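J.: Sequence:
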Amino acid sequence: MVENNDQDFTREKVTIPDYQLDLDNDFNRATPSPPKQEDRVEPEKIRKWREEQAKRLEEKDKEEEKKKQELREIAKKELEDWYNNHEETIAKTKAANRNAEKQFVAEDDALEPGTEWERIAKLCDFNPKAKQGSKDVSRMRSIILQMKQNPVPIKNHS
Numbered sequence: 001m002v003e004n005n006d007q008d009f010t011r012e013k014v015t016i017p018d019y020q021l022d023l024d025n026d027f028n029r030a031t032p033s034p035p036k037q038e039d040r041v042e043p044e045k046i047r048k049w050r051e052e053q054a055k056r057l058e059e060k061d062k063e064e065e066k067k068k069q070e071l072r073e074i075a076k077k078e079l080e081d082w083y084n085n086h087e088e089t090i091a092k093t094k095a096a097n098r099n100a101e102k103q104f105v106a107e108d109d110a111l112e113p114g115t116e117w118e119r120i121a122k123l124c125d126f127n128p129k130a131k132q133g134s135k136d137v138s139r140m141r142s143i144i145l146q147m148k149q150n151p152v153p154i155k156n157h158s
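Numbering (full-length UniProt numbering), first residue to last: 1 to 158.
Certain hints may be false.
Taking lysine to aspartate or glutamate and the EDC-like style, the derived pairs with C-alpha atoms no more than 16 Å apart in a straight line are [stated by the list, open to error]:
#1 148 x 116
#2 122 x 88
#3 135 x 125
#4 122 x 107
#5 148 x 118
Ranges of calculated distance between the beta carbons of each label pair, as one might list FRET restraints [as the list claims (entries may be wrong)]:
#6 99 x 79: 17 to 25 Å
#7 132 x 99: 29 to 37 Å
#8 145 x 76: 51 to 59 Å
#9 119 x 83: 51 to 59 Å
#10 146 x 89: 35 to 43 Å
Because the hints were derived from the structure by calculation, they are not lab data.
Just so you know, these numbers come straight off a predicted model, no measurement behind them.
Don't be surprised by glycine CBs; every beta carbon is placed ideally from N, CA and C.
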């Protein structure tokens with residue numbers, strides 16, 4: 001219900017219906033707590049099942065932990081083997097590269113005029129491998145072989 005005064009402001013008067021007051025009072029009343037339930041006694045079969053289940057789970061956990069440890073040991077061993085193999089491969093590659101470099105330097109020192117095309121021919125692969133999508137290099141191969149067999153003398157401009 002609203003009342004109006006002749007003044008500049010309006011004053012409201014709110015009336016709460018009776019049924020809402022009853023609801024509020026119902027919620028505010030102290031109600032007795034439900035009766036205490038006595039601890040339910042678990043049947044013997046269920047208790048035994050729970051104990052057996054707990055034991056089974058514990059055994060499974062132990063087995064799982066054991067398998068995890070075995071896998072860790074296997075992985076550690078494989079990783080060590082891989083590192084050892086990798087180090088051996090690197091050592092062999094380094095040794096092969098050093099030998100190849102020594103051989104190259106020795107051949108470079110023994111350079112004689114007219115052997116340039118022979119050295120170039122050693123560096124080229126003359127086995128024709130027809131790879132799909134690759135360029136045809138047969139003409140270049142034939143030119144290098146011709147130059148190796150019939151070298152053109154180099155003139156010194158000194």
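J.: Does each hint hold? Answer for all of them.
T.: These are the hints, each one checked on the structure:
With a C-alpha separation of about 8 Å, the suggested pair residue 148 and residue 116 falls inside the 16 Å cut-off, and the hint holds. With a C-alpha separation of about 29 Å, the suggested pair residue 122 and residue 88 falls outside the 16 Å cut-off, and the hint is violated. Between residue 135 and residue 125, the direct Cα distance comes to roughly 15 Å. Compliance with the 16 Å bound is thereby established for this hinted pair. Note on residue 122 and residue 107: the hinted pairing holds, with a Cα-Cα distance of about 11 Å set against a maximum of 16 Å.
Taken as a hint, the residue 148 and residue 118 pair is honoured in the structure, with Cα atoms around 5 Å apart against an allowance of 16 Å. Our hint of 17 to 25 Å for residue 99 and residue 79 is violated, since their Cβ atoms are close to 31 Å apart. Distance hint check: the CB atoms of residue 132 and residue 99 are about 35 Å apart, consistent with the given range 29 to 37 Å. For the pair residue 145 and residue 76, the supplied restraint of 51 to 59 Å holds, since their beta-carbon distance comes to about 55 Å.
Against the hinted window of 51 to 59 Å, the Cβ-Cβ separation of residue 119 and residue 83 comes to about 40 Å, which falls outside the hint. Range check, residue 146 to residue 89: about 40 Å between beta-carbon atoms, so the 35 to 43 Å window is met.
Comparing the model with each numbered hint stated earlier shows that hints 2, 6 and 9 do not hold.
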